[in-house]
Amino acid sequence: MNTHPYIRAYLAGAFVPTLVLPLLLTVFIVVRIVLKVPVPIELAMIFPMAVVPSLFGLWNMIYLATRDRFHQPIGLHGAVLPLLLAPAGATLASCLGVLVLGSHGATWFQACEIPYTLIVPGFLAALAGYYLVWKYIVGFLNRMQGIA
Amino acid sequence: MNSDQDVRMKTLLQQALPRVEGQPEPEHDLWPAVLRKMDARPAPPPLVDWALVAGLVAFVGFFPAAIPVLLYYL
Numbered sequence: 001m002n003t004h005p006y007i008r009a010y011l012a013g014a015f016v017p018t019l020v021l022p023l024l025l026t027v028f029i030v031v032r033i034v035l036k037v038p039v040p041i042e043l044a045m046i047f048p049m050a051v052v053p054s055l056f057g058l059w060n061m062i063y064l065a066t067r068d069r070f071h072q073p074i075g076l077h078g079a080v081l082p083l084l085l086a087p088a089g090a091t092l093a094s095c096l097g098v099l100v101l102g103s104h105g106a107t108w109f110q111a112c113e114i115p116y117t118l119i120v121p122g123f124l125a126a127l128a129g130y131y132l133v134w135k136y137i138v139g140f141l142n143r144m145q146g147i148a
Numbered sequence: 001m002n003s004d005q006d007v008r009m010k011t012l013l014q015q016a017l018p019r020v021e022g023q024p025e026p027e028h029d030l031w032p033a034v035l036r037k038m039d040a041r042p043a044p045p046p047l048v049d050w051a052l053v054a055g056l057v058a059f060v061g062f063f064p065a066a067i068p069v070l071l072y073y074l
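Taken in sequence, the protein lines are chains A and B. With my numbering applied, the first sequence corresponds to residues 1 to 148, in that order. With my numbering applied, the second sequence corresponds to residues 1 to 74, in that order.
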């Protein structure tokens, strides 16, 4: 089955965020309705719902198109993605009021206050998470679809 | 298909397929190697990956407020 490898790459890439999205939605709904925390769920969901899955799929298509030239491991390829996603997500969140920058830290979803000292460790954790997700899950899906 | 047709089919196939020159068969049976490869377990993840998992779990454990933010980007 060697037809449409880029469509298969897109689907394999978009798999993980598509799977996480209902989980995220459940968490936000529980936090808002059960715990009565005033989280702006409709604004907070725009980025994970509209941008992240598409970007994961496109990033996997780029991997498929460039791996013969650069021979980059898929884990490292995926670990580069937060360099694009982090500023884009923060900018969108800031514009929508989901992220408010204060003097000591950033407040996400009007509920989670993250001190600025945690930005670097948090970013490194995101890099590690993306590296593992891409190496083991997206890589497995690529192999399963015959495009690894 | 009777035996005459079998013989005729065999002859036609032998005529249609080019003769393999040189060594027609491998030196040894390759099937055990195929079975070994099919039965082989994938290599376990390297220690670096386990360290990354541990670091990620520790970060989330120490700073649970960061979980929604990490999920926001996934």
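Please note: incorrect hints may appear among the correct ones.
Said to hold, decoys possible - Here are the simulated lysine to any residue pairs, SDA-like style, with alpha carbons at most 20 Å apart: (1) K135/A to V53/B; (2) K135/A to A43/B; (3) K135/A to L12/B; (4) K135/A to V57/B.
Said to hold, decoys possible - Computed list of chain B residues with no C-beta within reach of chain A, every gap over 10 Å: (5) N2; (6) D6; (7) M9; (8) K10; (9) T11; (10) G22; (11) E25; (12) H28; (13) K37; (14) V60; (15) A66.
Derived by calculation from the structure, the hints in this document are not laboratory data. Ideal Cβ positions, reconstructed from N, Cα and C, are used throughout, including at glycine.
Comparing the hints with the structure gives:
For the proposed pair K135/A and V53/B, the alpha carbon gap of about 13 Å is at most 20 Å, so the pair holds. With a C-alpha separation of about 14 Å, the suggested pairing of K135/A with A43/B holds against the 20 Å cut-off. Of the supplied pair hints, the one linking K135/A and L12/B is violated, its CA atoms being roughly 51 Å apart against a limit of 20 Å. Simply put, K135/A and V57/B have alpha-carbon atoms about 18 Å apart, close enough for the 20 Å limit, and the pair holds.
Non-interface status of N2/B relative to chain A is upheld: no Cβ of that chain comes within 10 Å, the nearest being about 39 Å off. Residue placement check: D6/B keeps its beta carbon more than 10 Å from all beta carbons of chain A (closest about 35 Å). Taking the minimum C-beta to C-beta distance to chain A, about 31 Å, the non-interface status of M9/B holds against the 10 Å cut. No Cβ of chain A comes within 10 Å of the Cβ of K10/B; the nearest lies about 33 Å off, and the non-interface call holds.
For T11/B, the condition that its CB be more than 10 Å from all CB atoms of chain A holds, with the nearest at approximately 36 Å. The claim that G22/B lies off the interface holds: its Cβ sits roughly 31 Å from the closest Cβ of chain A, which is beyond the 10 Å cut-off. Chain A leaves E25/B outside its interface by the beta-carbon criterion, the shortest separation being 30 Å against a cut-off of 10 Å. At roughly 29 Å from the closest C-beta of chain A, the C-beta of H28/B stays outside 10 Å, upholding its exclusion from the interface.
No Cβ of chain A approaches the Cβ of K37/B within 10 Å, the least distance being about 15 Å, so the stated non-interface status holds. A beta-carbon of chain A comes within 10 Å of the beta-carbon of V60/B; the shortest separation is about 7 Å. Consistency note on A66/B: stated as away from chain A, yet its beta-carbon is not over 10 Å from all of that chain's, at 5 Å minimum.
This entry does not satisfy hints 3, 14 and 15, going by the numbered hints stated previously.
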